[in-house]
Structures are given as structure tokens and as C-alpha cells.
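Engineer: With the sequence shown counted from 1, adding 1478 to any position gets you this note's numbering.
Hints may be right or wrong, so weigh each one.
Calculated cross-link-like contacts (lysine-lysine; reagent style PhoX-like; alpha-carbon spacing at most 25 Å) [as the list claims (entries may be wrong)]:
1. K1697 - K1506
2. K1697 - K1575
3. K1697 - K1580
4. K1515 - K1586
5. K1575 - K1586
6. K1504 - K1580
7. K1697 - K1504
8. K1504 - K1515
9. K1596 - K1667
10. K1575 - K1596
11. K1663 - K1506
12. K1586 - K1504
13. K1624 - K1575
14. K1504 - K1482
15. K1596 - K1506
16. K1586 - K1506
17. K1504 - K1663
Everything labelled a hint here was simulated from the structure, so no lab data went into it.
Quantities reported herein were computed from a predicted structural model and do not represent experimental measurements.
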Amino acid sequence: MTLKIIYDVLCIHLGTPPTEVDWQWKDKDGEFTRAGKLTPQDFAAQYLQTDIYDYVSLVHDPRDTSPEGTTFTVEYLGNVVDAPAIRYLNVDIQLMKDIALKMLQDGKPVWMGCDTGKQMHRDLGLWDADLFDYASVYGADFSMNKADRLEYHQTAMTHAMMFTGVDVVDGVPRRWRVENSWDDKVGNKGFFLMNDSWFAEYMFEIAVPREYLPQELQKALELEPIVLPAWDPMGSLASR
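Could you put the whole structure together from the sequences, leaning on the hints where they help?
Structural biologist: Written out as C-alpha cells, the structure is:
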């Protein structure tokens, strides 16, 4: 009954969702195309060629409660009725970087989740772990390691974006290009630059095809997940 009331309220204020839409667009060259009326199922069949069920969620949770190479989920997490439970595979941050790099080298963008607001310059579109020197300004040490920041809810996944490029020197990533969704008036026409030091401290999740995982981690996906409590910060992004 509660869900029906919510649906009715939304329909009254926003209108009843259409069963079909007129799908049309202009490409980057300004050429107009009209595909006609499509239902959501029609659209998915014609345009969504990626097998999303082949993707897995890799996370970096360095707390002792979440050992590397194990899976976990968060109690009550999930925003799709009857969908499979969200399952994370916990990995080392270096492996996460290596897989993200390999996907970009293969021409595949990488969906990711991070703690956007930390050490960020919004207008310039910069993230760097040492962007602001608070310790020198206030004469105090504010440092906490990533595990402690998670434990005390000083960090969490707050935003999802897309890696679209990476700057590599001698085989090592220096900085990552990020496509954000905050308008083209911030950063470089909506694109941000992430220093690799920031990746280590504030990156938490990437979505990757199963084939990019080492064999032992593919097997680890079948493990029974550890269930974290509903208020755990590792569930913050998927609950939004």
C-alpha cells in the first residue's frame, strides 16, 4: 500500500510515466536522427548491447571486518524490487588501479564510486590527496588512514562517475580523467582530473567485466557474502 501511495503522489505531481517515447537525437556533427516510438523494452533491445550481468563490483575496504578476497553485502541494501542482492568483492587498491588501467587501455570506460568532496577544487576540476594543506594552516594533524575514516564515518562513497582516460608514465598511472555529471561549467567542460594519490585514499568502487579478474577472484565471487549492517558507509552509494 505504501509504494502505491508514493506512486500515486508522483503521478499527480509529475504525470503518469509514458508507455512509449519518441526517441530522437542529434549527433556530435549536428545530424538529426529519429528512431520513432519505443517502449523501454524496445529501447533496451536495440541500444543496450552490454551484458550488465557480466559486470561485478570491486571495492576497496581496508577495515579488518572486510578481508581482501571476500565478498560482502549490506543489510537492506538495494533499490530494485526482486533484484539480486548487491554483492561486493573486496580487493587491494593496487589491483583496482591495474584493472581500471587495463580497461581504459582496451577502450572501455570505467564506472566508479568515490568520496567526491574530499580534497577537491570544484571549479578547476581537481582532486589531489594533498590539495589543501590543513595541517600547516591549523597547526594540527588531521590525518587518519582510510580504514579509520571508514570506521568513524569520515569517508564514504558519495558519488558515481566515469573514468575515460589515464596519464601513464613508465607504465605507472599519474592522473586519471573523470567524466562528471555536474554540468559543463565546472572542471574542463565537465571533466575532472584525479591525481593517483587521491585514487588510493578516496576511491572505493569500480564495475568491471568478470574476465578482467584473476581466476582466484572469479572463484571468490561464489563465496557467501559477509553481511554488513544497514548503516555501514560501504552501502552509502547504492542507497542513494
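Engineer: Indicate, hint by hint, whether the structure satisfies it.
Structural biologist: Tested hints:
Proposed proximity of K1697 and K1506 is contradicted: the alpha carbons are some 42 Å apart, above 25 Å. Of the supplied pair hints, the one linking K1697 and K1575 holds, its CA atoms being roughly 20 Å apart against a limit of 25 Å. For the suggested pair K1697 and K1580, the alpha carbons sit about 21 Å apart, so the restraint of at most 25 Å is met. Restraint check for K1515 and K1586: not satisfied, since their Cα atoms lie roughly 30 Å apart, outside the 25 Å limit.
The straight-line distance between the Cα atoms of K1575 and K1586 is roughly 14 Å, inside the 25 Å bound, and the hint therefore holds. Annotation: proposed proximity of K1504 to K1580 is violated, straight-line Cα distance about 32 Å (limit 25 Å). Distance check on the hinted pair: K1697 and K1504 sit about 44 Å apart at the alpha-carbon level, beyond 25 Å; violated. For the proposed pair K1504 and K1515, the alpha carbon gap of about 16 Å is at most 25 Å, so the pair holds.
Using a Cα cut-off of 25 Å, the hinted pair K1596 and K1667 holds, with the two alpha carbons roughly 21 Å apart. Taking the CA atoms of K1575 and K1596, the gap is about 19 Å. The hint holds against a cut of 25 Å. Restraint check for K1663 and K1506: the C-alpha separation of about 19 Å stays at or below 25 Å, so the hint holds. For the hint pairing K1586 with K1504, the CA-to-CA distance comes to about 23 Å; that is within 25 Å, so the pair holds.
Annotation: proposed proximity of K1624 to K1575 holds, straight-line Cα distance about 16 Å (limit 25 Å). This hinted pair does not check out: K1504 and K1482 have alpha carbons roughly 37 Å apart, beyond 25 Å. Note on K1596 and K1506: the hinted pairing is violated, with a Cα-Cα distance of about 34 Å set against a maximum of 25 Å. The hinted pair formed by K1586 and K1506 meets the criterion: a straight-line CA distance of about 20 Å does not exceed 25 Å.
Of the pairs offered as hints, the one joining K1504 and K1663 holds, with about 21 Å between alpha carbons and a cut-off of 25 Å not exceeded.
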